[in-house]
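Colleague: Here is what each chain is made of, one letter per residue.
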Amino acid sequence: MAINAKDVEWVEETPMNFWEATYLPAVFDGLLTTGAHVANNRTVTEQYPEQQPKLPTHYRGVHRLNRDDKGRVKCVACMMCATACPAHCIEIVAQDAPKDDPHWADRDKFPKSFVIDELKCIYCGMCEEACPVDSIELTHIYDLVGLTRQEMMFDKEKLLSVFDQTKDSGIDPIRTHKGKLGHASDFTDLHTLGPATTVRADDRSAKAVSSGVISN
Amino acid sequence: MATVLVNDKSVEIGPSEKLNCIQAAQRAGVEIPSYCWHPEMSVVASCRMCLVEVGDKKPDGTIAMQPKLFPGCQTPVKDGTVIVSNSEKVKAAQKATLEYLLLNHPLDCPVCDQAGECGLQDYSYEFGRGYSRLQEPKNIKPDKDYIGDQITLFTDRCIMCTRCVRFTREISGTAELQVISRGTHEEIDIFPGDPCNNKLAGNVVDLCPVGALCSKDFLYEQRVWWLKTKNSVCPGCSTGCSITVDQNEDVLYRLKPRVNEQAQGHFMCDEGRFGWKYVQSEKRLKRPEQRANGQVVSRDWETIFPAIRNAIRDSLIRSPNKFAAVISPWATVEEAYLLATYAKKLSPHAKLAIGPVRVVGEDDLYPKDVHGKPEPKTKFTIRAEKCPNRRGVEAVMQQMQGSVIEFSSILEGVSRGEIEALYILGGDPEGWISDSDATKLDKLKLLVVQDLLESAASRKAHFVLPGAAWAEKDGTFVNHNGLAQAIHRGVRGPEEARPDGRILMELAEKKGMFHAPTLRKEIAGVVPALAALSVGELGELGVKLEQAAAVEKPQLQTV
Numbered sequence: 001m002a003i004n005a006k007d008v009e010w011v012e013e014t015p016m017n018f019w020e021a022t023y024l025p026a027v028f029d030g031l032l033t034t035g036a037h038v039a040n041n042r043t044v045t046e047q048y049p050e051q052q053p054k055l056p057t058h059y060r061g062v063h064r065l066n067r068d069d070k071g072r073v074k075c076v077a078c079m080m081c082a083t084a085c086p087a088h089c090i091e092i093v094a095q096d097a098p099k100d101d102p103h104w105a106d107r108d109k110f111p112k113s114f115v116i117d118e119l120k121c122i123y124c125g126m127c128e129e130a131c132p133v134d135s136i137e138l139t140h141i142y143d144l145v146g147l148t149r150q151e152m153m154f155d156k157e158k159l160l161s162v163f164d165q166t167k168d169s170g171i172d173p174i175r176t177h178k179g180k181l182g183h184a185s186d187f188t189d190l191h192t193l194g195p196a197t198t199v200r201a202d203d204r205s206a207k208a209v210s211s212g213v214i215s216n
Numbered sequence: 001m002a003t004v005l006v007n008d009k010s011v012e013i014g015p016s017e018k019l020n021c022i023q024a025a026q027r028a029g030v031e032i033p034s035y036c037w038h039p040e041m042s043v044v045a046s047c048r049m050c051l052v053e054v055g056d057k058k059p060d061g062t063i064a065m066q067p068k069l070f071p072g073c074q075t076p077v078k079d080g081t082v083i084v085s086n087s088e089k090v091k092a093a094q095k096a097t098l099e100y101l102l103l104n105h106p107l108d109c110p111v112c113d114q115a116g117e118c119g120l121q122d123y124s125y126e127f128g129r130g131y132s133r134l135q136e137p138k139n140i141k142p143d144k145d146y147i148g149d150q151i152t153l154f155t156d157r158c159i160m161c162t163r164c165v166r167f168t169r170e171i172s173g174t175a176e177l178q179v180i181s182r183g184t185h186e187e188i189d190i191f192p193g194d195p196c197n198n199k200l201a202g203n204v205v206d207l208c209p210v211g212a213l214c215s216k217d218f219l220y221e222q223r224v225w226w227l228k229t230k231n232s233v234c235p236g237c238s239t240g241c242s243i244t245v246d247q248n249e250d251v252l253y254r255l256k257p258r259v260n261e262q263a264q265g266h267f268m269c270d271e272g273r274f275g276w277k278y279v280q281s282e283k284r285l286k287r288p289e290q291r292a293n294g295q296v297v298s299r300d301w302e303t304i305f306p307a308i309r310n311a312i313r314d315s316l317i318r319s320p321n322k323f324a325a326v327i328s329p330w331a332t333v334e335e336a337y338l339l340a341t342y343a344k345k346l347s348p349h350a351k352l353a354i355g356p357v358r359v360v361g362e363d364d365l366y367p368k369d370v371h372g373k374p375e376p377k378t379k380f381t382i383r384a385e386k387c388p389n390r391r392g393v394e395a396v397m398q399q400m401q402g403s404v405i406e407f408s409s410i411l412e413g414v415s416r417g418e419i420e421a422l423y424i425l426g427g428d429p430e431g432w433i434s435d436s437d438a439t440k441l442d443k444l445k446l447l448v449v450q451d452l453l454e455s456a457a458s459r460k461a462h463f464v465l466p467g468a469a470w471a472e473k474d475g476t477f478v479n480h481n482g483l484a485q486a487i488h489r490g491v492r493g494p495e496e497a498r499p500d501g502r503i504l505m506e507l508a509e510k511k512g513m514f515h516a517p518t519l520r521k522e523i524a525g526v527v528p529a530l531a532a533l534s535v536g537e538l539g540e541l542g543v544k545l546e547q548a549a550a551v552e553k554p555q556l557q558t559v
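The listed protein sequences derive, respectively, from chains D and U.
Position one of the first sequence corresponds to residue 1 (our numbering), numbered consecutively onward.
Position one of the second sequence corresponds to residue 1 (our numbering), numbered consecutively onward.
Quick caveat, the hints were computed from the structure, so don't treat them as lab data.
A portion of the hints provided could be inaccurate.
[What the hints assert, rightly or not] Chain D stretches covered by chain U per the calculated footprint, using a threshold of three residues with CB under 8 Å from any CB of chain U: (1) 71-81; (2) 92-98.
[Claimed, not checked] Under the rule of at most 25 Å between Cα atoms (straight-line distance), these lysine-lysine pairs were calculated in the DSS-like manner: (3) D:K70 to U:K141; (4) U:K277 to D:K112; (5) U:K57 to U:K18; (6) U:K521 to U:K445.
[Stated by the list, open to error] Only part of the chain D face toward chain U is listed, based on derived beta-carbon distances under 10 Å: (7) D108; (8) P132; (9) V133; (10) K156; (11) K158.
All C-beta atoms, glycine included, are put in the ideal place defined by N, C-alpha and C.
Using the sequences provided together with the hints, build the complete structure.
Modeller: Encoded structure:
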């Protein structure tokens, strides 16, 4: 959207006074910083790899595929992550869940194969955000190495093993126990977003929209 | 002329037209949402999505509105009818209806195949309330995996519009589907032991406005927003149903019918819908081949074209009257024209023959009655002639040589030694030549086969050219009724296969690139029977050959 000319506010540089015009205060200010660094002998260099870095909690590293409480892959193969992925690095092949297996009774669909190309990935975290069942998550694993490109194609088993590896590490806990498609499809414990029987006076549905319409 | 007012816009309606409020509103560019109504089927007005305010404009100019909302699908319009679809009262009704339809809907959009093309999603977004007031657990009904060989039912997603039930009762006439139980226990089901396997069964999946009825063939293959769609024509029979071809990354995933009253109406048959798998067959010809004494000499397009030209020229020098070209009724009009002009240019005595026209059984008419006999009023026909373009190829041949020669007479000619060089343009995916017929071809001095799949003929050929399936090329098909429709290139062929039109242009050393609309204009000038193609672009619905010819004649005055 183009910016409107009337919305633009022009800021002029404030004119320097006599002392500022000599540049001496700025020179002494800079010397003060230099001096502080000279006087300070606190080490800031991290002794990696002997010393591991402390990463922020929102750090986005290697992906994992979470398991639900039955140990199955949580992923429902909806391909929202593949749709959201700006780098097109996620390839999913879906399959219908075995109908006669009670283990899969509550599921329609699951991923037959789920491959993330960790080399193509830009670690933006859009997949994590798109996932309706909190299945795909980015962990704190940052030191990912591989000898071949093929090794960096993480398949379903490898992604699940990342989950097994990281779930007890402390920094990548299992964040939710939600394995279903969110509260809207949760039949047993449904949280309504709107009013149930009592309707607030300011709610649209409480107002008589026109004569002849019975509201509530 | 009747005038109808739709949200203050006036629409003219013809004297003999019988429209309901939804159709009249469509004329005015206003969408009245609906689920259960379908133009081809009876009206039940059960989904209540199309409730509108309806009134009457009196001769003195006053408007009297009905006090209650009316279902638009069930309310016919007449002169002076007033339809209001954007009042607060109507919007409140739409919100309430959607809230009701969503009460027991599982909202499993992420795993539902319909997501992205779902009526419930679209209308909820446009007309819905955005939240539910239901606190009780949802009513879940068990899924039914087997409604038919190609159909599965996710019972909990169903909104009971009963379109599928009415389709099997009114269009296919086979009546396999029904509603069992009543009230909140209502479910779609089949009669025990009578699955929905009629030849039109796939249409119930298209008709389902939600993701309840799903096609097993397409189930979980792709998310629909990844599919790229091209308009095309089903090549399964001479009906020439208008369809769309859905592909992603050069893989064909499904065919869906497109509305075209001149071709087939709203639907398509399962033979066409699921019968395209040969396009991805392993038996496809993938590379050009030049053979000498049974050994492959070359697999290179660049060397094969001059080699074929030389081989044909040599054989014409030897015996100028012994060259023939066979054009399959699966070829497009453009390809038939290119090959026919090339053959006639090489030798005016060249024979042009139409490939085998495959006819299976008799025309299959729907709806059927309880005994399986067709009812008097036909609503859908699966034709016995299983090739898409016999009329188009014949029209070209009639013009080029004055008659159409059958393939069998070419075979006889070959065995009598009257034909020594033969160019076959194939395309029929089902064995169009038997092994015994193919042995007759042994006598030929030169056999060029341009085809889709490996066949008895392609194994004997001196030159094999891998052509394209109908979904991989541009062109024109003329159906049984003389309707010329355009097909468009949706996917690329396997490996080195090329569109047939391009092969023929390069072989004939015709200037320029293959461009179907340009070529159509050229054909229209040469072949009077195909003069209607002069428009170039045939549009979505195609062009009737006869109508364009009729324009030149004085038309009868109708009173």
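Colleague: Quick check: which numbered hints come out false for this structure?
Modeller: 6, 10 and 11
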